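Trainee: As they're listed, the protein sequences go chains V and U. Under the numbering used here, the first sequence has 217 at position 217, and the numbering climbs by one with no breaks. Under the numbering used here, the second sequence has 380 at position 135, and the numbering climbs by one with no breaks.
Hints may contain errors.
Just a few of them, taken from the derived set where beta-carbon distance is under 7 Å, the chain V residues facing chain U [said to hold, decoys possible]:
hint, residue
1, 13
2, 17
3, 31
4, 37
5, 45
6, 55
7, 161
The hints are simulated quantities; they were obtained by calculation from the structure and are not laboratory data. Predicted, not measured: the structure shown is a model, and the values here were computed from it. For each residue, glycine too, the CB sits at the ideal point set by N, CA and C.
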Amino acid sequence: MPSNVGDSEATPSSFITTANVSVYVISGCTQPLLMTLLKNAGVANSSCQLYMLFYYLGPASIIFSLHKKGEEWPAKEALLKATGIALFDIVAASMNYTGAALAGPTIFAIVYSSVTIWAAIFSQFFLARSMNFYQWLCVCVVFLGLTLTTTHSRHLGHDVVNGLILIILGSMMHALTYVMCEGIVSRIQSKILYLCFQEILTNLVFLDDSRRAQTLSETKLCCTRNGCYAGFSFMAICLHTSKMG
Amino acid sequence: MLAFLLWQFVYTLPRWDEKIWQPMQKADTSPFYAVSMLIVFGLSNLFHSITFFHTLRHYPGGATSAGVMKGLQAVLVFVLTHLAYCGRTGGEEMCFTFGKFLSLVTVTSGVIGYGIATSKHEELIATEERDDESYGHELDPLT
Chain V
1 MPSNVGDSEA
11 TPSSFITTAN
21 VSVYVISGCT
31 QPLLMTLLKN
41 AGVANSSCQL
51 YMLFYYLGPA
61 SIIFSLHKKG
71 EEWPAKEALL
81 KATGIALFDI
91 VAASMNYTGA
101 ALAGPTIFAI
111 VYSSVTIWAA
121 IFSQFFLARS
131 MNFYQWLCVC
141 VVFLGLTLTT
151 THSRHLGHDV
161 VNGLILIILG
171 SMMHALTYVM
181 CEGIVSRIQS
191 KILYLCFQEI
201 LTNLVFLDDS
211 RRAQTLSETK
221 LCCTRNGCYA
231 GFSFMAICLH
241 TSKMG
Chain U
246 MLAFLLWQFV
256 YTLPRWDEKI
266 WQPMQKADTS
276 PFYAVSMLIV
286 FGLSNLFHSI
296 TFFHTLRHYP
306 GGATSAGVMK
316 GLQAVLVFVL
326 THLAYCGRTG
336 GEEMCFTFGK
346 FLSLVTVTSG
356 VIGYGIATSK
366 HEELIATEER
376 DDESYGHELD
386 PLT
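In isolation and in its complexed conformation, chain U is listed as follows (with noise of 0.2 Å):
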């Protein structure tokens, strides 16, 4: 963050009229809505960084289940970006289309599908493991 700050001070202030402020007059936009959708930005970011942290260390499933929440963003942006934006801003790159659907169906299937390899695949080590060990013990007279 200090690293950006200092850039802030360093370019985007001299510039600050070029590059942002007529920008923002070409787009009719307050200072008020721009400093609110940038905080907004930030907060999304904040509670995204805490919740995963949290995520991570309790909610079960390893990796079957990052792979299973990073599709479910990906289908609910695909959505939510049709819904709000497709013919309102932007261009096509807004709009549902077949193309991108298949691109999206095939990327979420294969991370998906890793999650679920990963697992099975960690839960045959264990099983390994854990025979190992007690094979061992059926070996060794003095246990």
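Here chain V stands alone, though its shape is the one from the complex (with noise of 0.2 Å):
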């Protein structure tokens, strides 16, 4: 993952280190819990995506403190494909908090914390990164745990199955973020990752099935079956690429 490292910046004491590690670890916990919440209380709705939009507004406000700061803005490149990945991320968003409200926070949890194995996948396609035996065999355990998931939750009903499928391409995606600012950063196909881009958005036609269906229902498999169509045309682009080589 790329980080930002401040050659002047002072190293915090281990009590301020210690206690953002807490905080980044209880406020990773609440979240699907929270989703739950809100699903119980009616505002979960999948097609309105409301609670994204308070889901981006925390991290959006930052960008006001920049301003009163008088700090110099990033250059318009940056800028550009900042955004670029922010869209990508705000459907793997959607379909992860989406799937959590269908599946519950167990099944989110245990799914979404394979990010890190899908982001090492990623980069074999994309950043030419190799594994050795112990990783590619850490990721073969982690298959083994979804699969287990997947079986396990199979007589839940609809509900849980549709938002397992949302969860595991949410998570497929967001991880693809991770590598998607690895390789852009390093300049490395881009033009791949800009096709990408086009497909998913392309896909996005949920929206307008989810306006026509006529039921909570319809409007949930309406969102669960092109979420998983935009998955897929994404999955097919990597495996393509992937051959291009």
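Build the complex from these two chains, which are given one at a time in their own frames, with help from the hints.
Mentor: Here is the structure:
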């Protein structure tokens, strides 16, 4: 993952670092739990995506602090690249949290923790990285765990299964965001990533379908179906471009 | 955020009554509670994002630490969901089962194991590069 290391910045104390890590872990845990509360409260409609507006409102507010401090804005090219990656991650996050509302926080937590592994796999295709035997062994162990999750979730109903599929695809796409950050920064195969952007955006027809849906269940089905279609289109591009080399 | 804001004006507002207000009434949710939960959801992501970059920059351990944190989050969500929601809200998906526990252990072990394997792999590469550099200095008669 890329990081912006400032050489002149002083190293914070271990207390502050530990506190940051604690807040990071705790805030990561609360999000899927809050999604369940929002769903129970009736405000987590998947076609409206109202919760995603608030989800991004927090981080977006940082931009006002940059303006106030008089700091220079990033270069235009960097902003455009960041915007492209952000749009891609928007789709991933929407799929993840819509899936969390359908499948529940437990299944979300299990599947979402595989993001690291997906990032490693996509690094093979897009960044020409290589993994050793032990890394591949761990990848296989994670896939075994995901298979167990899928197998045990099948009898829990259509909502849970649909949610599970959305979380798997959303996790894959979120992992690809990290790879894209690194790939675009190093300018490796950016054209392939641009093709991915195009394919995903043109396949976001679930929004139109859900408007025509008559019932809530049809809306969910439309979102799930077309979200999966977008995800599968993306996977097809990955496989195709990996063959191109 | 602008994209979602635009979507709210284009899609959600014209259907507010059917998509948001009626489900809220059915769930007996007050507007204050709904707005509070949404704000807390947003703040949670804000803190998560800020602390992510700080952790990435300053917390030692690299890939191992990242894997351990991901695993820890999964375990905590698993436990908290069972304690808070099982039997109170939702269905069976909120409760602890042996199958889910097995899935959790397997996925978490794989993620942490991958982090450890990656750290060791990177250490090995760094050691090999240092050895190559020192060997190169030994061969160069001018250094």
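Trainee: So which hints don't hold here, by number, going up?
Mentor: 1 and 7
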